[in-house]
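A.B. asks: This is what each chain is made of:
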Amino acid sequence: MIIVLPVIIWLVHQRAGNPSISYPPYDLTAMITPGDSTGSITLNWQTLSGDDETAVSFPDYRIYRSNSAEGTFEKIDSVGFSDFRATPATRQYRDTAVDPGSSYYYKISCNTDGGLDESNLFGPVISNASEVIDTSAVLADIIVFPASQLRAFDSPNDNGSSITLEWKISPNDVFGSLMFGGYSVYRSTDPDGPFEMIAETTAGVTDNDRQVKIMADGREVEDGIEYYYYVEARWNGQTAKSNVAGPVKSGQQWFHTARAVSFLLLSILVGTILYYISYAKSGKELFIRKIAGLEAVDEAVGRATEMGRKVFYIPGIQDMNNMQTIAGLTILGRVAKLTAEYDTKLDVPVSRSLVMVAAREIVKEAYLNAGRPDYYNDDMVYYLTDDQFGYAAGVDGLVIRQKPATIFYQGAFFAESLILAETGNSIGAIQIAGTAMPAQLPFFVAACDYTLIGEELFAASAYLSREPKLLGSLKGQDIGGKLVFLTMATIFIVLATIFSFTNTEFVDTIARMFSVH
Amino acid sequence: MKREIPLILTAVVGLTFVIQFFVPHEPMGNLSNTLSKWYSIISAFAIWLGSLNLLKISIEKVSKRKKDWMFSAVTIASFFLILIIGLFFSGGRQYIEQGSGFDWLYRNMYSPLSATMFALLAFFVASAAYRAFRARNAQATVLLVAAFIIMAGRTPFGEWISNMLFLPEGWWLGNLTNVIMNYFNVAGQRAIMIGISLGVISTSLRIILGIERSHLGGE
Amino acid sequence: MQNFMQKLLNIDRRIIFVVIFFALSVPIFLNMSFPIVVTSEVQMLYDALEKLPRGSKVLVACDYDPGSEPELQPMAEAGLKYMIKRDFKFIIIGLWPQGPLQANRAFEDINESEDPFMVDNGDTLYFGADLIVVGSDTVRYGIDFINLGFQVGQELVIQRMGASIEAAFPNDRRFGRPYKEFPVMDGINKLSDFAFIFNLSAGYPGTTEWVQFAVDRFHVPVGAGNTAVQAPLVYPYLDAGQLSGLLGGMRGGAEFEKLVGHEARATLAMASQTIAHIFVMFFIIVGNVAFFVTRGKSKEGNA
Chain A
1 MIIVLPVIIW LVHQRAGNPS ISYPPYDLTA MITPGDSTGS ITLNWQTLSG DDETAVSFPD
61 YRIYRSNSAE GTFEKIDSVG FSDFRATPAT RQYRDTAVDP GSSYYYKISC NTDGGLDESN
121 LFGPVISNAS EVIDTSAVLA DIIVFPASQL RAFDSPNDNG SSITLEWKIS PNDVFGSLMF
181 GGYSVYRSTD PDGPFEMIAE TTAGVTDNDR QVKIMADGRE VEDGIEYYYY VEARWNGQTA
241 KSNVAGPVKS GQQWFHTARA VSFLLLSILV GTILYYISYA KSGKELFIRK IAGLEAVDEA
301 VGRATEMGRK VFYIPGIQDM NNMQTIAGLT ILGRVAKLTA EYDTKLDVPV SRSLVMVAAR
361 EIVKEAYLNA GRPDYYNDDM VYYLTDDQFG YAAGVDGLVI RQKPATIFYQ GAFFAESLIL
421 AETGNSIGAI QIAGTAMPAQ LPFFVAACDY TLIGEELFAA SAYLSREPKL LGSLKGQDIG
481 GKLVFLTMAT IFIVLATIFS FTNTEFVDTI ARMFSVH
Chain B
1 MKREIPLILT AVVGLTFVIQ FFVPHEPMGN LSNTLSKWYS IISAFAIWLG SLNLLKISIE
61 KVSKRKKDWM FSAVTIASFF LILIIGLFFS GGRQYIEQGS GFDWLYRNMY SPLSATMFAL
121 LAFFVASAAY RAFRARNAQA TVLLVAAFII MAGRTPFGEW ISNMLFLPEG WWLGNLTNVI
181 MNYFNVAGQR AIMIGISLGV ISTSLRIILG IERSHLGGE
Chain C
1 MQNFMQKLLN IDRRIIFVVI FFALSVPIFL NMSFPIVVTS EVQMLYDALE KLPRGSKVLV
61 ACDYDPGSEP ELQPMAEAGL KYMIKRDFKF IIIGLWPQGP LQANRAFEDI NESEDPFMVD
121 NGDTLYFGAD LIVVGSDTVR YGIDFINLGF QVGQELVIQR MGASIEAAFP NDRRFGRPYK
181 EFPVMDGINK LSDFAFIFNL SAGYPGTTEW VQFAVDRFHV PVGAGNTAVQ APLVYPYLDA
241 GQLSGLLGGM RGGAEFEKLV GHEARATLAM ASQTIAHIFV MFFIIVGNVA FFVTRGKSKE
301 GNA
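Protein chains in written order, with our numbering: chain A, 1 to 517; chain B, 1 to 219; chain C, 1 to 303.
Next up, chain A with everything else stripped away, as it sits in the complex (with noise of 0.2 Å):
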């Protein structure tokens, strides 16, 4: 199974995938010039490596044309250093050679040592005089590049009402420019328009990784309408349309595929756990190791009894929806029970009410199955506050008061850890901590007699009830847990480990898969 495991969940993560955005060499553009009543064309790529102002001997850049995709290219001219850069990234040249009406294509090449000779190839572009914007306007020096392939689509793996948008980003929009404004979404209904502004967005990518933007428009989307969408950017005044995209609907899903390796390693663990359980329950012998800190309880409790003094009981300052809460409140029952049966006083102070509510139940419970329910009352779980260190100082000037013989700080804990047990440790009281907040484990361990560290809080339960179905659980999250998902682990850290020296994509591929989503 150990070995087949890896194998399904590496299919499973193959179904969840994204068409990637494509990044030739160059990454050449052409376009009519905005604005430009002869219809000339602009040309804009990605600058080589090495080539800034001050490559001076960088080789020049040339042009090539044709007017079809297979036909002969001509040579039409060359950019080398001393001519105009749009950015620091990126070059522009602008063909005013043109026929209306013609189409073209272009690709450019440069001769460096090793580098990328040729680029990829863009058309065709038509000449067309008529896309005049504003005859009168003075053409800008630089002109303002779209986003480029821009994708939309259902949004996967939600409840409708959303459709997500990619593009690649536009050459202008270059890191830290004070130029480029961003850009405007336009979405619309019908693909002739009109089209609406619906969003606008900062510049730069945001998935940095595949280089893309990512936006996902969430503004009354209804499921089942075609929509269409565009986006402009913004550069200096100038704006530039992308593509449309579309027709797009958005749905619901029935199943989210991202989680699909989650839903498996749960079904495994879930299934081992419950496998367990029904082992147990027919009666066959499970082995659970000795946990100090629980052994403790009853002696400690006896040693309050022998002193006539309280036994004080901090089941963490969490609320109820904190499992170790829950967890805390467990071991709460025993030691209720023990100071039932040796008639030694109790004192819960909780910091949340649900606690103190919950906490009452299970010490009433505890004394009425211990056969003393006279000596309960309600005042002995009490609520102090809800603020972290009012709880402390609260909880401090109790302890230093009352000196009580044993406490146990069971439950999730904060800075207030250490607060707490050194107060406790000064009085000498004999002390036992459980958490599963590895930050203040130190703390306990330093000061407390005993500390259960993380799954032994959770493990206490079944510990202290012996009840088989709860050891089951246990044997059940040792064998589903441990074991399967530390060798598949290590499966996959070898795994990686080999491939980063080689395929560096199959290792980004590996964490990818157990990321949740």
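Hints in this document: simulated from the structure, not taken from any laboratory. The reader is advised that the hints may include incorrect statements.
Here are the simulated EDC-like cross-link-like pairs (lysine to aspartate or glutamate), alpha carbons at most 16 Å apart as the crow flies [said to hold, decoys possible]:
{"hint": "1", "chain 1": "A", "residue 1": "Lys284", "chain 2": "A", "residue 2": "Glu467"}
{"hint": "2", "chain 1": "A", "residue 1": "Lys345", "chain 2": "A", "residue 2": "Asp298"}
{"hint": "3", "chain 1": "C", "residue 1": "Lys57", "chain 2": "C", "residue 2": "Asp144"}
{"hint": "4", "chain 1": "C", "residue 1": "Lys190", "chain 2": "A", "residue 2": "Glu467"}
{"hint": "5", "chain 1": "C", "residue 1": "Lys51", "chain 2": "A", "residue 2": "Asp207"}
{"hint": "6", "chain 1": "B", "residue 1": "Lys56", "chain 2": "A", "residue 2": "Asp378"}
{"hint": "7", "chain 1": "A", "residue 1": "Lys403", "chain 2": "B", "residue 2": "Asp68"}
{"hint": "8", "chain 1": "B", "residue 1": "Lys66", "chain 2": "A", "residue 2": "Asp379"}
{"hint": "9", "chain 1": "B", "residue 1": "Lys37", "chain 2": "C", "residue 2": "Glu166"}
{"hint": "10", "chain 1": "B", "residue 1": "Lys2", "chain 2": "A", "residue 2": "Glu361"}
{"hint": "11", "chain 1": "A", "residue 1": "Lys241", "chain 2": "A", "residue 2": "Asp298"}
{"hint": "12", "chain 1": "B", "residue 1": "Lys37", "chain 2": "C", "residue 2": "Glu155"}
{"hint": "13", "chain 1": "C", "residue 1": "Lys190", "chain 2": "A", "residue 2": "Asp77"}
{"hint": "14", "chain 1": "B", "residue 1": "Lys61", "chain 2": "A", "residue 2": "Glu200"}
{"hint": "15", "chain 1": "A", "residue 1": "Lys345", "chain 2": "A", "residue 2": "Asp379"}
{"hint": "16", "chain 1": "B", "residue 1": "Lys56", "chain 2": "A", "residue 2": "Asp379"}
{"hint": "17", "chain 1": "A", "residue 1": "Lys469", "chain 2": "A", "residue 2": "Glu285"}
{"hint": "18", "chain 1": "A", "residue 1": "Lys403", "chain 2": "A", "residue 2": "Asp298"}
{"hint": "19", "chain 1": "C", "residue 1": "Lys57", "chain 2": "A", "residue 2": "Glu200"}
{"hint": "20", "chain 1": "B", "residue 1": "Lys64", "chain 2": "A", "residue 2": "Asp379"}
{"hint": "21", "chain 1": "C", "residue 1": "Lys190", "chain 2": "A", "residue 2": "Glu361"}
{"hint": "22", "chain 1": "B", "residue 1": "Lys61", "chain 2": "A", "residue 2": "Asp379"}
{"hint": "23", "chain 1": "C", "residue 1": "Lys57", "chain 2": "C", "residue 2": "Asp193"}
{"hint": "24", "chain 1": "C", "residue 1": "Lys180", "chain 2": "A", "residue 2": "Glu220"}
{"hint": "25", "chain 1": "A", "residue 1": "Lys249", "chain 2": "A", "residue 2": "Asp207"}
{"hint": "26", "chain 1": "A", "residue 1": "Lys281", "chain 2": "A", "residue 2": "Glu467"}
{"hint": "27", "chain 1": "C", "residue 1": "Lys180", "chain 2": "A", "residue 2": "Glu200"}
Selected chain B positions facing chain A (Cβ under 10 Å, derived; list incomplete) [stated by the list, open to error]:
{"hint": "28", "residue": "Asn30"}
{"hint": "29", "residue": "Thr34"}
{"hint": "30", "residue": "Leu198"}
{"hint": "31", "residue": "Leu209"}
For glycine and all other residues, C-beta sits at the position ideal for the given N, C-alpha and C.
The hints should help you fit chains B and C onto chain A, whose structure is shown.
C.D. replies: Just chains B and C now, with coordinates in the frame of chain A:
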């Protein structure tokens, strides 16, 4: 019945939450939002439960002159002071704005008191460190050395001492600190976190299935 | 000697407290300063912020209370100053009730204007609340920044924000008006519309929850400032790339102040911390010497 209804409720709500994680389609899609609003409402009302209990116990202590009743008197006085000033003398909705009575109390009483409690940590860390960091055995010695490197490495003192000892740059205490924090510490934290997560999943499952009942007051 | 060592071993903790008190307080009055070296996790956060374009919308989640103010408030102030300088729009929220109040205090403390208020089109605008002046920049509430206040529900609030910010924070904090009325919120509907989340965290809910929900589910980068007690807990996320930088405790704050060029409270407090660390180390050495001397003796005694 008193036991069964909570168990059934727990199972249904628990399973629904698990399902909605994997099913985005309505009616599951917005369910977590709706349920989280319910949770907000319940916890907002629960604040009263605690406050009233605090008042009840404090008033009882004061009226019966129980031991340490003065502390309870201070509690009652502070409770009503901030409540009344916050509700009636702080300009309604704008109660947190600069210059309101509530704001004054927040800045000049609540803030310094909270910060004082947190600041106690500095003193307690020192006394706990004094007791805990003793080279009793090999493991304790490792702990002691690591603590030393990090304490020195986290301050400019670490650079000074590294220079004094002519340590090569890779062995400067600051760099050793980073190595300890980024590798040894992270590895340990992760192992504990994985164990804890498994513990949480398994405990949740026991609660959803109704095997674990001690939090409801049962065995 | 032996007796003295035995006494030293069980020293009254109040003596330690007094020494630490002086170690912490004296450097503040002496105005001591130490050089600060920037660590990689702080540099990471700064680089992540530097990479954001001008006008980026940043969510500032203040999940702390006055208790952790000494550590986190300097980070909040340095962060806000930086964002104003970089022309970011910032939106304040808090998963802790006291968080948004702490943000208000930061607004006042970083405001450099001497005037209490100004009148604009008949509206009275208060400096430190409606307007913040930092150097040559002035930002205005509702246009450049906003405080949406606190919402109860811990990590569920983050989850709700993932679907709709409006569902989690319908009104702003200062005026109680619908958040759509404020231009700063244009284009912000969901959590994923933010370019970055700057989280200041002192516990739960905090950085762990932001990483689990905002980063893993909604793919918004999160950079965090944490108290020193809390920081080791989030280190694993840093290494896994889930956290885009971390300011840990006073030292992290001081390094961040150095990077953004606003050396203030954290930098000053570093001197105290350095001296206190030296004393704690001194105590540990003393404790160990005493421990070894008495242990050697008691072994002889036993033999």
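A.B. asks: Is the Cα-Cα distance between Lys56 (chain B) and Asp378 (chain A) 16 Å or less?
C.D. replies: Measuring from Cα to Cα gives roughly 11 Å; hence the hint holds.
A.B. asks: Under the criterion that the straight-line Cα-Cα distance not exceed 16 Å, is the pair Lys37 (chain B), Glu166 (chain C) satisfied?
C.D. replies: The hint holds at about 13 Å.
A.B. asks: What's the verdict on Lys403 (chain A) and Asp298 (chain A), does the C-alpha distance respect the 16 Å limit or exceed it?
C.D. replies: 19 Å, violated
A.B. asks: Starting from Lys2 (chain B), check that the Cα of Glu361 (chain A) is at most 16 Å away, please.
C.D. replies: This hinted pair holds, its Cα atoms lying about 12 Å apart.
A.B. asks: For the pair supplied as a hint, Lys57 (chain C) and Glu200 (chain A), is the alpha-carbon distance within the 16 Å limit?
C.D. replies: 12 Å, holds
A.B. asks: Take the C-alpha atoms of Lys56 (chain B) and Asp379 (chain A), compute the straight-line distance between them, and say whether it is at most 16 Å.
C.D. replies: Between Lys56 (chain B) and Asp379 (chain A) the Cα gap is close to 10 Å, so the pair holds against 16 Å.
A.B. asks: Need the status of pair Lys281 (chain A), Glu467 (chain A): alpha-carbon distance at most 16 Å?
C.D. replies: 9 Å, holds
A.B. asks: Do the alpha carbons of Lys190 (chain C) and Glu361 (chain A) lie within 16 Å of each other, as the hint requires?
C.D. replies: 41 Å, violated
A.B. asks: Taking only the CA atoms, is the gap from Lys190 (chain C) to Glu467 (chain A) under or equal to 16 Å?
C.D. replies: 47 Å, violated
A.B. asks: With the threshold set at 16 Å, check whether the alpha-carbon distance from Lys51 (chain C) to Asp207 (chain A) stays at or below it.
C.D. replies: Holds. Lys51 (chain C) to Asp207 (chain A) sits at ~13 Å (cutoff 16 Å).
A.B. asks: So if I understand the rule, the pair passes when the alpha-carbon distance is 16 Å or less; does Lys57 (chain C) with Asp193 (chain C) pass?
C.D. replies: 8 Å, holds
A.B. asks: Between Lys61 (chain B) and Glu200 (chain A), does the CA-CA distance stay at or below 16 Å?
C.D. replies: 62 Å, violated
Hint violations for this structure: numbers 4, 11, 13, 14, 18, 21, 25 and 29, all remaining hints satisfied.
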